[in-house]
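Put together the whole structure using the sequences plus the hints.
Those sequence lines, one after another, are chains H and Z. Following this note's numbering, the numbering of the first sequence begins with 13 at its first residue and continues without gaps. Following this note's numbering, the numbering of the second sequence begins with 57 at its first residue and continues without gaps.
No lab work stands behind these hints: they were computed from the structure. Treat the hints with care, as some may be off.
To be verified - The calculated label-pair distances, taken between Cβ atoms and stated as ranges, are:
id : chain 1 : residue 1 : chain 2 : residue 2 : range
1  : H       : Y205      : Z       : V151      : 40 to 46 Å
2  : Z       : G149      : H       : R213      : 27 to 33 Å
3  : H       : S145      : Z       : Q169      : 51 to 57 Å
4  : H       : V147      : Z       : S82       : 33 to 39 Å
To be verified - Below, a list of computed lysine-lysine pairs in the DSS-like style, where the Cα atoms sit at most 30 Å apart:
id : chain 1 : residue 1 : chain 2 : residue 2
5  : Z       : K79       : H       : K149
6  : Z       : K124      : Z       : K104
7  : H       : K94       : Z       : K79
Said to hold, decoys possible - Pulled a few chain Z residues facing chain H out of the computed Cβ check, cut under 10 Å:
id : residue
8  : A69
9  : S71
10 : V151
These numbers were taken from a predicted model, which means no experiment stands behind them. Quick reminder that beta carbons are idealized off the backbone N, C-alpha and C, glycines included.
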Amino acid sequence: MKNEKSIRIFLIDNHALFRKGLKAILADVSNFKIVGDASSYHEAETILQENPVDMVLFDTDFYIIKNNEFSENILKNNLTKKVVALTFAKSRLEFLNAIKSGIHGYILKDEEIDYLIDCIYKIHAGRFIVSESMVEKLVKLLIEKSEFPINLIISDRELEVLSLIQNGYSNSQIGKHLFLSENTIKTHIKHIYKKMSVSNRKEAIEKGILWGILK
Amino acid sequence: MDQEKTIVLIASANSIFRNGILKILSKRKDFQNLIIEQASDIKEVLRKYSKNKPRVLVIDYDDKNIKKKLFMNSFLQDQHNAQLLLVSLEQSGNVVFYDRQVLSTDEAHHWLQIPWNENKSLLNSE
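What follows is the structure, given as structure tokens:
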């Protein structure tokens, strides 16, 4: 029987069949109460404002910065106590963005259902859980974070360029935005890559977030 | 006499998805007449498909373990009457439903005359 100590859970996933199936599975677990489910953040936020929960399990595209803001917002506004990513995303950037947004767990969708249930209990009890295959990535990220090269600080202008790269601007768009030529932007980017020891935009954004110079 | 059981094969490497579909099916009124089989790779799919002749297949077709081309070749070559639900876990868009019905000439004539949206599928019981 479900009692007042039930873990109140809300599911967000735009894949209806997966969401409905997961909802049906978790609803049968003792001490779990599935308060609701939604296919989008907007829909979820409206429901959660009326009915805060203990845990939100959500799938997201963490490449989109706005999605990180969602987990920050629902935690800040006390709409949930815990936020857990339940996702197929295995890339470093998505993982890093999720961690930065303050989530309490990062569980891959291809885990076994018993593992997921166990994780929910542990996260509810206060632990931070990451799927085993993501642990190596987490350790690498921590090592890289400790390698922050303070003697090669990025200039204000370079940081401005890097922020615009993060927002999806092309070189010519950055040039127009900063009233600089495209060639000047290319030179800035070359310097950024050299200072950060990266070879492309994605890696630069990743490291920028890791070092705390990008949001 | 016992009603003939309907075999359903759910194929995906994803355990949560397979068990989720199973839970959804378990809420059907005729669940006791269903035999649910699960498969997590193409070898298991092909073996259970040819051996058990499922009436309904739910296939996670973007799953690399399922190898959709291999499965579809086998499905299209096979003549047994089965309904196929193709679902992609990588995309949240439409689900493809393929209903290979065997009809008599009269049934085919009737089928050509009735509005097609009145055709009921096995999974559409609610």
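Worksheet entry | Interface restraint verdict for Z/A69 against chain H (beta-carbon cut-off 10 Å) | 7 Å, holds
Worksheet item: Does 27 to 33 Å hold as the CB distance between Z/G149 and H/R213, or does it fail?
Response: 28 Å, holds
Fill in: Agreement of H/K94 and Z/K79 with the hint, judged by alpha carbon distance not exceeding 30 Å
26 Å, holds
Fill in: Supplied distance hint 51 to 57 Å, evaluated on CB atoms of H/S145 and Z/Q169
55 Å, holds
Fill in: Range hint 40 to 46 Å (beta carbons of H/Y205 and Z/V151) holds or violated
This hint holds: roughly 43 Å between Cβ atoms.
Fill in: Agreement of Z/K79 and H/K149 with the hint, judged by alpha carbon distance not exceeding 30 Å
It is violated: about 34 Å lies between the C-alpha atoms, which goes past 30 Å.
Fill in: Straight-line alpha-carbon gap Z/K124 to Z/K104, limit 30 Å
15 Å, holds
Discussion item. Quick check on the hint: Z/S71 CB to chain H CB, less than 10 Å?
Written reply: 5 Å, holds
Discussion item. Does the beta carbon distance between H/V147 and Z/S82 stay inside 33 to 39 Å, or does it fall outside?
Written reply: 34 Å, holds
Fill in: Given hint Z/V151 near chain H, where the shortest CB pair must fall under 10 Å
7 Å, holds
Consistency with the previously given hints fails for number 5 only.
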